[in-house]
Amino acid sequence: MASIYKRASKAQAEQDDSDLSMSDAESSSTLQADGDDDSSDETSASDKDETQISENKLKQVPAELRNRILMLTSRGVSFRHRHLLTDLHSLLPHTYLDTKLDTKSNNNYNSALNSLADLHSCNYVFFLEARKQAQDLYLWLAKAPNGPTCKFHVAGIHTMAELGFGGNCLKGGRGVVVFDKSFDEMETGGGGKENLALIREMLRGVFCVPSKGVRGMKPFIDRVIGIYGLDNKIWVRIYEIREGSKDNISTPEEKKLSEGADVGSGVKLVEVGPRFILTPIVILEGSFGGPVIFENKLYVSPNLVRREVRLKKQAKYSQRTFDRTDRTRKIKDLGLNTGAEKKVGVVDDRVLFR
Amino acid sequence: MVKKSKLLTALDAQKGRDYEAEKRRKVQKQAEKKRRQKQEAKQETKDYVEEDGKTVNGVPSAEQLEKAAIQPSAAADDFEKFEDSEDGDKDDTEDQTTNGTIPQPENTADASASEAEQDSDVDYSDLEEEDREDVVPHQRMTINNGPALIASRKRVAIVSDKPKHPLHFHNSITSTDKTADELIPDAMDDETRELMFYKIARDATVQARDLLKKEKVPFTRPPDYFAEMAKNDDHMDKVKKKLYDEASSKKAANEARKLRDAKKFGKQVQLAKEQERSKEKRDTLNKIKELKRKRKDNDTGRVTEGDDLFQEVSVDNTSSTQKRDRSGALNAKRQKKDSKFGYGGKKRFSKSGTAESSADIRGFSAKRMKGKGKPASRPGKSRRAATRS
Numbered sequence: 000m001a002s003i004y005k006r007a008s009k010a011q012a013e014q015d016d017s018d019l020s021m022s023d024a025e026s027s028s029t030l031q032a033d034g035d036d037d038s039s040d041e042t043s044a045s046d047k048d049e050t051q052i053s054e055n056k057l058k059q060v061p062a063e064l065r066n067r068i069l070m071l072t073s074r075g076v077s078f079r080h081r082h083l084l085t086d087l088h089s090l091l092p093h094t095y096l097d098t099k100l101d102t103k104s105n106n107n108y109n110s111a112l113n114s115l116a117d118l119h120s121c122n123y124v125f126f127l128e129a130r131k132q133a134q135d136l137y138l139w140l141a142k143a144p145n146g147p148t149c150k151f152h153v154a155g156i157h158t159m160a161e162l163g164f165g166g167n168c169l170k171g172g173r174g175v176v177v178f179d180k181s182f183d184e185m186e187t188g189g190g191g192k193e194n195l196a197l198i199r200e201m202l203r204g205v206f207c208v209p210s211k212g213v214r215g216m217k218p219f220i221d222r223v224i225g226i227y228g229l230d231n232k233i234w235v236r237i238y239e240i241r242e243g244s245k246d247n248i249s250t251p252e253e254k255k256l257s258e259g260a261d262v263g264s265g266v267k268l269v270e271v272g273p274r275f276i277l278t279p280i281v282i283l284e285g286s287f288g289g290p291v292i293f294e295n296k297l298y299v300s301p302n303l304v305r306r307e308v309r310l311k312k313q314a315k316y317s318q319r320t321f322d323r324t325d326r327t328r329k330i331k332d333l334g335l336n337t338g339a340e341k342k343v344g345v346v347d348d349r350v351l352f353r
Numbered sequence: 000m001v002k003k004s005k006l007l008t009a010l011d012a013q014k015g016r017d018y019e020a021e022k023r024r025k026v027q028k029q030a031e032k033k034r035r036q037k038q039e040a041k042q043e044t045k046d047y048v049e050e051d052g053k054t055v056n057g058v059p060s061a062e063q064l065e066k067a068a069i070q071p072s073a074a075a076d077d078f079e080k081f082e083d084s085e086d087g088d089k090d091d092t093e094d095q096t097t098n099g100t101i102p103q104p105e106n107t108a109d110a111s112a113s114e115a116e117q118d119s120d121v122d123y124s125d126l127e128e129e130d131r132e133d134v135v136p137h138q139r140m141t142i143n144n145g146p147a148l149i150a151s152r153k154r155v156a157i158v159s160d161k162p163k164h165p166l167h168f169h170n171s172i173t174s175t176d177k178t179a180d181e182l183i184p185d186a187m188d189d190e191t192r193e194l195m196f197y198k199i200a201r202d203a204t205v206q207a208r209d210l211l212k213k214e215k216v217p218f219t220r221p222p223d224y225f226a227e228m229a230k231n232d233d234h235m236d237k238v239k240k241k242l243y244d245e246a247s248s249k250k251a252a253n254e255a256r257k258l259r260d261a262k263k264f265g266k267q268v269q270l271a272k273e274q275e276r277s278k279e280k281r282d283t284l285n286k287i288k289e290l291k292r293k294r295k296d297n298d299t300g301r302v303t304e305g306d307d308l309f310q311e312v313s314v315d316n317t318s319s320t321q322k323r324d325r326s327g328a329l330n331a332k333r334q335k336k337d338s339k340f341g342y343g344g345k346k347r348f349s350k351s352g353t354a355e356s357s358a359d360i361r362g363f364s365a366k367r368m369k370g371k372g373k374p375a376s377r378p379g380k381s382r383r384a385a386t387r388s
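Protein sequences, first through last, are from chains B and S. Sequential numbering from 0 applies to the first sequence in numbering that gives the first Met the number 0. Sequential numbering from 0 applies to the second sequence in numbering that gives the first Met the number 0.
One thing to keep in mind: the hints can contain errors.
Said to hold, decoys possible - Straight-line Cα separation of at most 27 Å, BS3-like style, residue types lysine-lysine; simulated pairs:
| no. | chain 1 | residue 1 | chain 2 | residue 2 |
| --- | --- | --- | --- | --- |
| 1 | B | 180 | S | 153 |
| 2 | B | 99 | B | 131 |
| 3 | S | 177 | B | 232 |
| 4 | B | 170 | S | 230 |
| 5 | S | 153 | B | 211 |
| 6 | B | 211 | B | 232 |
| 7 | S | 32 | S | 5 |
| 8 | S | 177 | S | 153 |
| 9 | B | 192 | S | 32 |
| 10 | B | 217 | S | 213 |
| 11 | S | 239 | B | 170 |
| 12 | B | 180 | S | 163 |
| 13 | S | 212 | B | 180 |
| 14 | S | 215 | B | 170 |
| 15 | S | 163 | B | 211 |
| 16 | S | 241 | B | 170 |
| 17 | S | 212 | B | 211 |
| 18 | S | 266 | S | 250 |
| 19 | S | 295 | S | 280 |
| 20 | B | 211 | S | 215 |
| 21 | S | 215 | B | 217 |
| 22 | S | 45 | S | 32 |
| 23 | B | 232 | B | 217 |
| 24 | S | 230 | B | 99 |
| 25 | S | 41 | S | 25 |
| 26 | S | 177 | B | 180 |
| 27 | B | 217 | S | 230 |
| 28 | S | 213 | B | 211 |
| 29 | S | 161 | B | 180 |
| 30 | B | 170 | S | 240 |
Stated by the list, open to error - Derived DEER-like restraints, expressed as beta-carbon distance ranges:
| no. | chain 1 | residue 1 | chain 2 | residue 2 | range |
| --- | --- | --- | --- | --- | --- |
| 31 | B | 101 | S | 248 | 45 to 55 Å |
| 32 | S | 225 | B | 303 | 45 to 55 Å |
| 33 | B | 316 | S | 24 | 53 to 63 Å |
| 34 | S | 248 | B | 144 | 52 to 62 Å |
| 35 | B | 289 | S | 248 | 53 to 63 Å |
| 36 | B | 316 | S | 189 | 49 to 59 Å |
| 37 | S | 250 | B | 61 | 51 to 61 Å |
| 38 | B | 304 | S | 9 | 23 to 33 Å |
| 39 | S | 225 | B | 310 | 27 to 37 Å |
| 40 | B | 144 | S | 149 | 29 to 39 Å |
In case anyone wonders, no lab produced these hints; they're calculated from the structure. Note that CB positions come from ideal geometry on N, CA and C, so glycine has one too.
Could you build all of it, start to finish, from the sequences and the hints given here?
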C-alpha cells in the first residue's frame, strides 16, 4: 500500500505523461476519485499537463495535499469523546473511522498504530486516548510513516449535537481553514515559537480537504474552521457561512460588530460544529516514538491539578484538628480551665472504649 | 544499562573510547583524594590537641593561626574540586534514591543533552554532609529543539513557498487581524472571546471569498442545492424549537411582569378612588342630616324626604361653626353631649332639645303669639258654586 504513495510521489516529481495517467488510475482504486469522468479527462489532457504545471488547473493533487486521516479512539472513552470523533468524521470527507484500539492488552501502541495506518493507506493518524476512566482526553496527531507526532490535551469539548449550535453545513464540503495571526509565518519564525508553525501545518493536514480524489465531496464552500492561539492553548471553532442581504443582521454577534465598523458585505457566520481546546504537551520527532523535540513548559497535567485541590482540602482539615488540640492546650496553659469536668454519659465513647 | 544507538557505539568502538573504564578511574581518583583529605584533617586535629599547651594566655600562637588560615583554604580547595563533580549531579540527584550504582547519563541521541553531563558523576551518598548542601539543585531542561522543529515542518508543510499552490488547493489562510491574545485580554470572559473569534473568522472569510472568486471557484451555496447535511433535519427542528421556546418564554415572562405591575398600579388607583368616593358619600350624608335637623323644626312630625330638603345642599356651615366658637368654653356640657350624640344615633328628633334649637327664633312670628288670627272665612254656597263651574 505504501508503494502506491511512492509511485504517486515519483510521478509528481517527474511529471511524465505516461506515468501520470497510470498512477492516477491506480490511485483511484484506493483513494476513490470522483467518478470516471475525472480519469478520462486526465488521459486526454495529459499531454497539455506538462506545459501547464504552473497554472491553476493542475490535474493531480500535489503530494503534500494528498492526505488521508485515520481516526480512532482508545478504549474507555466517554460518549462525549466518541461524539467528537464522529462529528469530525462527518465533517471531513478524507477521514477513515476505525474501531477502538485496545490499549489495555498492549501498552505499546506505537507499532499498532503505525501498522494500522499502513493497512488503511492513511498518512495521518488522529488518535484520541482517554485516561483515568474518561476524565482526561489526549490527542495524538502523527504523520504515519516517519513524520512528527504531537500530543495534546483536549478540553472544553462541545459536540455538534448540542442544541446551542444553530448552524448546519454540507457533509462533504471543503470549507475554509482560518488560522489566527499568532500562527503567522512571521510570528512563528523563531524565538521558541517554531512549534506553533509545525502544529499549524499538521492541523492543516487534518482540516484541509484535498481538492480531488475524495469520495463524497461537494463543490460549494459553506463553512469556516477557525483555529486560534490564545493563552498558550489552541482553540478550534467551526462556523457555517450564510450569505444574506446586507441588512440581515439578526445574530447577536453581528449586532455587536455592526455597531463598530460596517458589516462585511452581508456575510454571516453561525456556529455549527464541535468546539474544543487543545493544549500541546510534547512533540516527538518520529511517528509515536523518537526523541522529544518540544516540551511545553506551561502544561500542567490534570492529575497535578486534582492533586493540588485535594491537598488544599487536606490542609484545611488537618489545620482544623490541630487548632482544636492547640486550643485545649492553650486554655490549660493559661489556666483558664474552670476546673469543672464535663459530664460524660454512660454510653459515651470515652467510657465504653477506654 | 542505557541503550545507546548502534551508530554511536560503533563510533566509540572505532575511536577506542571506553566510557565505563573512564568513569571507574575517575571515581577511584575521587575516593582516594577524599581519603587523603580525611587523614590530613585527622592529623591536623591531633596537632591542635598537642599544641594546645602552647597557647599563651589564651591567645593562640602564630603557628595555630597559620594552621587556622590554612584550613579554610584547604576546605576551599575541596569545594573547588567538588564543583566539577557536582555538575554531573545535575540530572542524577533526582534519580538517586537508594541506588548505590553509578548513574548513567541520559540518551545522547538528544540534541539538547549537554556534554558536561557525561563527565564525572559522583554518588550523592558519597558526598559528605556539608558538601550535600552545596549541590546545585537539579533543573530539568525543557526541550525546544528549534532546528528539528523547522526541519519537521518543512517535511510536513501543506502550504509552502517553493511550490506555491493556488488557494483553492488547500483553502487555508492566516488571518491578518490582530492576534487573539491581543484582542482578548481575558480568556475566561466568554462573551468577548467568542465575539473576537467570530470577528476574526468573518474577516478571513470575506478575504477568502474574494481570493477564491479570482480563481473562479464556486463559493456560495445556492438556496436550492439539496445535499446531505452534517446535521439532519430533525436535529435542526429541535434547535429551532429550542430557540422559539426560549424567545416565547421570555416574552411571556415580560408580559406577566407588565401585568403584575399594572395590576399593582391599578390597585392603588382603585383604592384612592374608593377612598375618595366614600369620603364624598360621608360628606353628603352629613349634610343631609344637618338639613334634616334644621327642617324638622319647621314641620313637626312630618319629615318629608321631598325635594325641598335637597334644594339647599350648599348649606352654610357658618352658623353652626360660629355658635361653637362663641360658646365653646361656656357650654362644655353641651359640647360633650353634642359630640356624644352628634351625626348619628336617633334618626328623628335627636336634636330636638339642643341649645341651638331652643334658641332658634326663626319659626316664631309675633302676630301668632299675640292672637290667634281669624281663620279665613269660607265663601257662601253661591260663590263656591260659581268657582266650581
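Evaluation of the provided hints:
no. : hint                       : in the structure
1   : B:180 to S:153             : holds (20 Å)
2   : B:99 to B:131              : holds (17 Å)
3   : S:177 to B:232             : holds (17 Å)
4   : B:170 to S:230             : holds (8 Å)
5   : S:153 to B:211             : holds (23 Å)
6   : B:211 to B:232             : violated (32 Å)
7   : S:32 to S:5                : violated (36 Å)
8   : S:177 to S:153             : holds (26 Å)
9   : B:192 to S:32              : violated (48 Å)
10  : B:217 to S:213             : holds (20 Å)
11  : S:239 to B:170             : holds (20 Å)
12  : B:180 to S:163             : holds (20 Å)
13  : S:212 to B:180             : holds (23 Å)
14  : S:215 to B:170             : holds (22 Å)
15  : S:163 to B:211             : holds (18 Å)
16  : S:241 to B:170             : holds (23 Å)
17  : S:212 to B:211             : holds (19 Å)
18  : S:266 to S:250             : holds (24 Å)
19  : S:295 to S:280             : holds (22 Å)
20  : B:211 to S:215             : holds (16 Å)
21  : S:215 to B:217             : holds (16 Å)
22  : S:45 to S:32               : holds (20 Å)
23  : B:232 to B:217             : violated (32 Å)
24  : S:230 to B:99              : holds (24 Å)
25  : S:41 to S:25               : holds (25 Å)
26  : S:177 to B:180             : holds (6 Å)
27  : B:217 to S:230             : holds (15 Å)
28  : S:213 to B:211             : holds (20 Å)
29  : S:161 to B:180             : holds (22 Å)
30  : B:170 to S:240             : holds (23 Å)
31  : B:101 to S:248: 45 to 55 Å : holds (48 Å)
32  : S:225 to B:303: 45 to 55 Å : holds (51 Å)
33  : B:316 to S:24: 53 to 63 Å  : holds (55 Å)
34  : S:248 to B:144: 52 to 62 Å : holds (56 Å)
35  : B:289 to S:248: 53 to 63 Å : holds (57 Å)
36  : B:316 to S:189: 49 to 59 Å : violated (34 Å)
37  : S:250 to B:61: 51 to 61 Å  : holds (56 Å)
38  : B:304 to S:9: 23 to 33 Å   : violated (46 Å)
39  : S:225 to B:310: 27 to 37 Å : violated (58 Å)
40  : B:144 to S:149: 29 to 39 Å : violated (20 Å)
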